[in-house]
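We have chain A; now place chain B onto it with these hints.
As a plain string of letters, each chain reads:
There are 2 protein chains.
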Amino acid sequence: MIKINENYLKLEASYLFIDIARRVTAFTDAHPEREVIRLGIGDVTRPLPPACIEAFHRGVDEMADGATFRGYGPEQGYAFLREKIAEHDFKSRGANISADEIFVSDGAKCDTGNIQEIFAGDTKIAVPDPVYPVYVDTNVMAGRTGTAEDGRYAGLCYLDGTMENGFIPALPTEPADLIYLCYPNNPTGATITKDQLKVWVDYARENRALILFDAAYEAFIRDESLPRTIYEIEGAEEVAIEFRSFSKTAGFTGTRCAFTVVPKACVAYDSKGEKQSVHSLWNRRHGTKFNGVSYPVQKAAEAVYSEAGQQQTRALVDYYLKNAALIRREITALGFECVGGENSPYIWIDGKRDSWEFFDLLLEKAGVVCTPGAGFGKCGQGYIRISAFNDYEKVQEAMSRIRAALAE
Amino acid sequence: MIKINENYLKLEASYLFIDIARRVTAFTDAHPEREVIRLGIGDVTRPLPPACIEAFHRGVDEMADGATFRGYGPEQGYAFLREKIAEHDFKSRGANISADEIFVSDGAKCDTGNIQEIFAGDTKIAVPDPVYPVYVDTNVMAGRTGTAEDGRYAGLCYLDGTMENGFIPALPTEPADLIYLCYPNNPTGATITKDQLKVWVDYARENRALILFDAAYEAFIRDESLPRTIYEIEGAEEVAIEFRSFSKTAGFTGTRCAFTVVPKACVAYDSKGEKQSVHSLWNRRHGTKFNGVSYPVQKAAEAVYSEAGQQQTRALVDYYLKNAALIRREITALGFECVGGENSPYIWIDGKRDSWEFFDLLLEKAGVVCTPGAGFGKCGQGYIRISAFNDYEKVQEAMSRIRAALAE
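Chains as they are written, first to last, in UniProt numbering: chain A, 1 to 408; chain B, 1 to 408.
Since no wrong hints were added, every one of them can be taken at face value.
Which copy? The list can't say, so a pair holds if one copy fits it or any two copies do.
Okay, derived cross-link-like pairs now, DSSO-like style, lysine-lysine, Cα gap no bigger than 27 Å in a straight line:
1. K124 - K10
2. K272 - K10
3. K264 - K124
4. K275 - K10
5. K10 - K264
6. K264 - K198
These aren't lab readings, by the way, just hints derived from the structure by calculation.
Next comes chain A alone, as it looks inside the complex (with noise of 0.2 Å):
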């Protein structure tokens, strides 16, 4: 008889987005005449950069001749994305990863959420709270938990982020395997000084733990001071794997092209305490489970780092922030506490109020869609998110509707 896994069994709905869609929904059919600004979801607005569509035109052209058709390419991606990658994202900044330690993907949720599986049934996961969801829904499915109770996992253990901490945690008071970190971070928009990201960096060195650094936002980062990958920290190489995408640096979200760092150097135990190359293993995973990013899609890529797709690149995160500076600036002249909007394109705010409620409120009086922090975890009850991703106009437009509503 063919059994399911039950561990799916243990999921919580996912009912945030699909409850948001709800009150849209009913808001939109109660107010026909209203037009809602959606800054809910993390999705960028803005056309590709012309140096990306070019480079992309001309891998579709190649396709179409015999002479350059590429049919398989190399399942961890082709040398020249690897070889910019490592160039420009990487030894540029002082962190010795090279080509062969960059696995080129369709998307960094893939790649979160299938890491996983290269590390043992029993390991014990550190989550941040409030979470990206995936992190933990895929160690659920895989049966690293017991069931949820109050919005919390058994067996998990949650980081607790708040305004006291800057949502950076502290670290575990019980011993923890694999901690996912995200900074620029997904929800709060907090970032990571490289004073404290190094706190976690040595008590993973110290407890041979691991860490997943999801630097999906790291080109937001525009204070020169900041860590915009792990490996600028000594030692990171042997202790943590770094998440990079193009979909928020370059427009990608539709595109699809995202990469996994695994330093040679990265190690993970087996039973007997014997050292293990965790890049071998994710090697392994890739080649079996994965057959390369398409190639038209890889040599748009590749153009993010030409002289111009730098530059277009550039000025599409610009015109994001300078809506997050806004947003920033107006929530805190109504005066409200928040976190994020520098270097980052989410706002994190303090609503002093229930997530859901203040969601109700903005839905209600300004028609303007974010995103309740709830839904990120128990520590978001309380808080929402606001999203740079939406045109200048709109976000401008948003705003002055919000003061209104405040205001009445």
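Relative to chain A, chain B alone:
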């Protein structure tokens, strides 16, 4: 302490293609003047159909304009593509599959590799031998086997394919929960009739088993009596998941688009013996660990179903089928017994000697690269696979060289 998934240590090193590459390199180093013709790996060589190229370019152009730009799409694929698949590939064959039962992905390799996650850890797995290695390796990684001995993993049920049974194995003699089948078969090129497939569907229904039906090569079927989809068999929608790909149909091996069909009627069981929806489980898995296929790639795939696309992909497949027929004709004339090469791009040849010995003979005497059958499992010993994926002129030249080599 971070520990590895020790099941990975059970994996036999994948020597097959490494070994092939090593031997080919040694040969070309020794004989730089001789041109090697590659009929080994199953990778297409002809350019994408013009209809796909045009649609691909239009998709890229849409990404260049804010008014038509696409960010995150539905994880399961765009309706425009899913609806065409349902209509053309299933409803037109009398198979009642709807658009929301189709999950668009970036490859059948990924899907056939990932699908086992939604089933229990103690699922009894049956695989054909010879076998596409991904079916086996992903179950080894998930801990459903013991270690390997003599090329076979403990705990797996191997279904022997032989020249006598035409590489359509007999039903398992021990209970099996999850059964991998692939027709037209990789690597043997064997096809299955409706009556033969019905035996498996009936077995699954009677034993509450589930069939994973890999139909990546269905476009090569020209015999109208053969099933193009397992859902042509009555009751299959309750007991079968089907995998399809644009890789071999339309030359998408480097472009990356495929799909998996999970009917809503398909059931598995929980530990209480209650029915559970496999569609819901896969939908959850897909939505949690995947973020959809690149939008321009989905547009290119959609064009396969246009009138021009249908003509062009048929011509593309016909081209390879002409190669296959030539290989089959020549090999048969040389006195070898073979299967495949009709309704399939692969010709599976009984070499009447060790697989690697025949491989070396063809490489050294004819400068032709094939794949030794032993690389696909114990039952592959004594066979070689020749692939029809190359230019017709090269295939002609390869066959004339093989003829000469064997006449020596």
